[in-house]
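Top line first, the protein sequences correspond to chains A and B. With numbering that gives the first Met the number 0, the residue at position 127 of the first sequence is 126, and numbering never jumps. With numbering that gives the first Met the number 0, the residue at position 124 of the second sequence is 123, and numbering never jumps.
Just so you know, not all the hints are guaranteed correct.
Said to hold, decoys possible - Taking lysine-lysine pairs in the DSSO-like style, the calculated list, with each CA pair at most 30 Å apart, reads: (1) Lys152/B to Lys172/A; (2) Lys320/A to Lys152/B; (3) Lys355/A to Lys370/A; (4) Lys348/A to Lys172/B; (5) Lys321/B to Lys351/A; (6) Lys244/A to Lys152/B; (7) Lys291/B to Lys188/A; (8) Lys376/A to Lys152/B; (9) Lys152/B to Lys243/A; (10) Lys273/A to Lys152/B; (11) Lys172/B to Lys188/A; (12) Lys288/A to Lys321/B; (13) Lys188/A to Lys321/B.
Source of the hints: derived by calculation from the structure; they are not laboratory data.
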Amino acid sequence: MKKRIAVFLILVLLLTNSGCWSRVEIEDLAVVLLIGLDKAKEEGKVRLTVQLARPAEMVGGTAEGGRSTKKAVWVTGSTGDSVYDAQQNLSMHVSREIFWAHTRAIIIGEELAREGIAPVIDFFDRRRDFRRRIGIAVVKGEARELLEAEPGLEKASGQVYSGLLVRQFRHSKATISDLRDIYEMLTSKGIHPTTSRFELVKLKDEKNTKKQPKLTGTAVFRDDKLIGWLDEAETRGFLLLIGKKVTGVFPVKCPVCEEKNVSIVLTRSSTSIKPQLVNGELIITVQIKAEGDVREQMCQDDLSRPEIIEMLNQRLAQAIKAEVIAALNKAQRNYQVDIFGFGEVVRRKFPKLWQKIEYKWDEEFPELPVKISIEAKIRRLGMILEPTTKP
Amino acid sequence: MWLLITTILSTAILFLPSIVVAEAKQDGWLSAIFATFVGLLVMLVVSTLGLKFPQQTIVEYSEIILGRFLGKIVGLVFIWFFLHMNAIVVREFAEFMVVSFMPETPLIVFIITFVLLSAFVLRGGIEVIARTNEVFFPVLILLVIIVTILVAKDADFTRLMPVLERGISPVLKGAIMPSGWQGEIVALAFLLPYLNRIHEGRRAGSLSLLIVGFFLVLAEVLTVAVFGAEVAARTMFPTFVLVRYISIAEFLEHLDPFFMVFWIGSVFIKITLFYYITCLAIAQWLNLRDYKPVTLPVATITSALSVLLFGNITELVDFIAKVWGPYALSIQLGIPALLLVVAMLRRQGKR
Chain A
0 MKKRIAVFLI
10 LVLLLTNSGC
20 WSRVEIEDLA
30 VVLLIGLDKA
40 KEEGKVRLTV
50 QLARPAEMVG
60 GTAEGGRSTK
70 KAVWVTGSTG
80 DSVYDAQQNL
90 SMHVSREIFW
100 AHTRAIIIGE
110 ELAREGIAPV
120 IDFFDRRRDF
130 RRRIGIAVVK
140 GEARELLEAE
150 PGLEKASGQV
160 YSGLLVRQFR
170 HSKATISDLR
180 DIYEMLTSKG
190 IHPTTSRFEL
200 VKLKDEKNTK
210 KQPKLTGTAV
220 FRDDKLIGWL
230 DEAETRGFLL
240 LIGKKVTGVF
250 PVKCPVCEEK
260 NVSIVLTRSS
270 TSIKPQLVNG
280 ELIITVQIKA
290 EGDVREQMCQ
300 DDLSRPEIIE
310 MLNQRLAQAI
320 KAEVIAALNK
330 AQRNYQVDIF
340 GFGEVVRRKF
350 PKLWQKIEYK
360 WDEEFPELPV
370 KISIEAKIRR
380 LGMILEPTTK
390 P
Chain B
0 MWLLITTILS
10 TAILFLPSIV
20 VAEAKQDGWL
30 SAIFATFVGL
40 LVMLVVSTLG
50 LKFPQQTIVE
60 YSEIILGRFL
70 GKIVGLVFIW
80 FFLHMNAIVV
90 REFAEFMVVS
100 FMPETPLIVF
110 IITFVLLSAF
120 VLRGGIEVIA
130 RTNEVFFPVL
140 ILLVIIVTIL
150 VAKDADFTRL
160 MPVLERGISP
170 VLKGAIMPSG
180 WQGEIVALAF
190 LLPYLNRIHE
200 GRRAGSLSLL
210 IVGFFLVLAE
220 VLTVAVFGAE
230 VAARTMFPTF
240 VLVRYISIAE
250 FLEHLDPFFM
260 VFWIGSVFIK
270 ITLFYYITCL
280 AIAQWLNLRD
290 YKPVTLPVAT
300 ITSALSVLLF
310 GNITELVDFI
320 AKVWGPYALS
330 IQLGIPALLL
340 VVAMLRRQGK
350 R
């Protein structure tokens with residue numbers, strides 16, 4: 000008899016307890032793919048835009064021609080006194096529980112970024128459902144427009160962003176930052192933040208005139224306020240300087256026929272940044288080692304001789320140096336912010352010195368002498384030696 | 000031995016890193032090493048006492064060493080200590096669950112569930128506890144190793160430089176708290192009599208401390224290497240955020256639930272063990288024949304204490320960061336040391 004009571008109790012418990020207090024069924028979820036933050040038209044308010052997935056419409060790889068009856072995402076937004084306020088207000092017209100954990104990126108509108116991102120970023124770190132790996136980017140213009148843009152290839156622009164961010168390594172002409180990087184850059188006195196930059200562009204070869212998002216360049220901040228941009232060449236120089244993995248094509252003049260170019264692709268790069276004290280003065284020495292392959296030549300010159308390669312090495316080194324110096328100048332002269340983290344490097348090697356100068360690092364940085372030396376080696380020419388197009 | 004490791008490691012790995020880094024910044028790993036030494040010291044004292052009075056727990060032999068009256072007081076202190084510590088651990092656990100996973104669930108649900116479950120398990124005796132642990136422990140260790148490997152690509156070890164940036168005192172200050180944790184090895188004072196081979200106790204204790212120490216150092220190093228010292232210090236549960244950060248080729252993500260399952264298991268072991276010790280201590284103190292009748296009253300007191308001790312999470316964190324270290328150490332190290340000295344002076348116990 001006792002046994003039966005026990006079994007009965009267990010059954011009852013199992014049936015009634017298959018769930019927990021905070022559970023939400025999956026059909027009740029509104030999955031957020033992208034977040035956009037802008038300044039609202041009303042003073043002092045924030046506009047939060049979210050791109051919500053419509054899972055049923057997302058089946059299938061690419062967008063259909065012009066036949067799409069229903070869009071794969073729903074873009075909607077709301078305004079509030081703060082990000083959290085705006086988020087609560089979303090529930091006034093979003094009929095499901097908003098689920099943040101699949102967010103791919105946070106896009107911040109230019110106007111809001113110029114005023115400072117610190118107030119809006121706090122929301123993301125305090126909440127438990129945002130991972131620190133979410134990308135963060137600034138868009139030239141309004142974030143809302145970017146979220147609303149209809150992508151050409153993917154079903155939803157949320158996938159466009161993660162795709163673009165993942166493929167960045169192909170061109171290295173844009174910076175990538177995630178939340179973890181931003182927090183670190185914001186709390187450190189030795190570096191100012193940088194993030195990716197998006198633009199909505201009209202692609203000239205498209206028949207339809209809708210704008211597409213393009214990942215290009217870098218957004219430069221002073222503390223938490225946006226102050227400017229680095230263009231594509233400067234961005235590559237910047238990335239090389241801070242030692243990120245850089246690939247991408249460097250066109251270099253052909254040795255003989257100098258009106259045409261040879262395209263060299265970087266396969267490896269490594270950077271070492273060393274602070275040094277020379278006669279009591281602080282200099283930063285940057286050494287970049289790069290390796291590349293010849294991928295394409297527009298001219299008919301025979302490149303398969305070591306002396307020619309040596310010449311190309313020099314030219315490659317110069318091309319790299321030009322981009323690096325462009326980035327350095329922009330940071331030191333135009334913007335006067337240390338985005339490379341030289342301050343951090345000094346702190347790690349000369350902590351006592353850093354303790355003395357950290358409070359005035361923003362004034363020291365523009366005058367800081369930086370020695371750059373680049374070593375470039377071209378390793379391979381691809382599958383052929385002399386061009387097969389030569390008569 | 001495994002039991003000890005699980006016990007100490009389970010809460011340490013989650014709460015410690017941020018508090019230690021706040022104090023010692025990127026030298027947190029050095030603090031962890033110091034703490035291990037302190038733990039070893041505690042273990043030395045406790046195991047020596049255990050060898051002198053085999054078959055007896057600290058409640059029993061303190062009466063012999065100090066006489067009935069003072070000995071009873073010592074016993075009472077230990078009873079309180081383990082009760083208090085248990086309530087804190089339960090609270091820590093409940094807070095973590097609420098903050099990280101289920102914000103709407105009231106704390107008390109977690110607290111009561113866990114305490115009742117513990118009560119149920121411990122009625123089986125210490126062997127049951129140890130065997131349950133044998134299930135969780137290997138997986139926990141494996142998980143820690145896997146997490147380390149997966150996170151390695153995001154770690155930049157230059158973030159640990161410069162070493163000793165502000166000198167050695169932040170490291171020492173940062174070591175106080177983890178010492179309280181490593182000092183939990185004092186639980187050995189209650190377990191030694193029940194080991195089949197007492198002399199193994201010392202070896203098991205030292206090994207546990209070293210292994211826990213190693214993992215603590217690892218946790219400190221990883222959290223700083225991935226997030227940077229400043230950010231790590233401001234994060235509430237850095238190891239948890241670390242697990243969330245793992246992403247391999249956009250495919251292997253959202254691993255936190257795995258981590259959670261086994262971490263919950265290991266915290267459960269810890270709570271059950273301390274609960275067991277509390278009950279055992281009370282039973283011996285009252286000269287009862289068996290500890291089982293005491294379990295339910297202790298459950299009630301533990302749950303109540305858990306809720307009442309702290310008004311909000313900042314009180315909890317503050318307590319752990321500032322009060323716990325010295326308080327725990329004085330009981331873990333101070334009292335056994337005192338007992339040992341007196342026992343040696345009075346030439347008591349086996350040689």
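Each hint tested on the structure:
Distance restraint check for Lys152/B and Lys172/A: the Cα-Cα separation of roughly 23 Å lies within the 30 Å cut-off, and the hinted pair is therefore satisfied. Using a Cα cut-off of 30 Å, the hinted pair Lys320/A and Lys152/B holds, with the two alpha carbons roughly 28 Å apart. With a C-alpha separation of about 23 Å, the suggested pair Lys355/A and Lys370/A falls inside the 30 Å cut-off, and the hint holds. Annotation: proposed proximity of Lys348/A to Lys172/B holds, straight-line Cα distance about 24 Å (limit 30 Å).
A C-alpha spacing of about 29 Å is found between Lys321/B and Lys351/A, which places the hinted pair at or below 30 Å, so the restraint holds. Under the criterion of a C-alpha separation no larger than 30 Å, the hint pairing Lys244/A with Lys152/B is consistent with the structure, at around 13 Å. Using a Cα cut-off of 30 Å, the hinted pair Lys291/B and Lys188/A is violated, with the two alpha carbons roughly 58 Å apart. Restraint check: the Cα-Cα separation between Lys376/A and Lys152/B comes to about 27 Å, which is no more than 30 Å; the hinted pair holds.
For the hint linking Lys152/B to Lys243/A, the alpha-carbon distance of about 13 Å falls within 30 Å, and the restraint holds. With a CA separation close to 23 Å, the supplied pair Lys273/A and Lys152/B stays within the 30 Å bound. Distance restraint check for Lys172/B and Lys188/A: the Cα-Cα separation of roughly 24 Å lies within the 30 Å cut-off, and the hinted pair is therefore satisfied. Our distance criterion of 30 Å between C-alpha atoms is broken by Lys288/A and Lys321/B, whose separation comes to about 49 Å.
The straight-line distance between the Cα atoms of Lys188/A and Lys321/B is roughly 28 Å, inside the 30 Å bound, and the hint therefore holds.
The structure fails to meet hints 7 and 12 from the earlier list, while all remaining hints are met.
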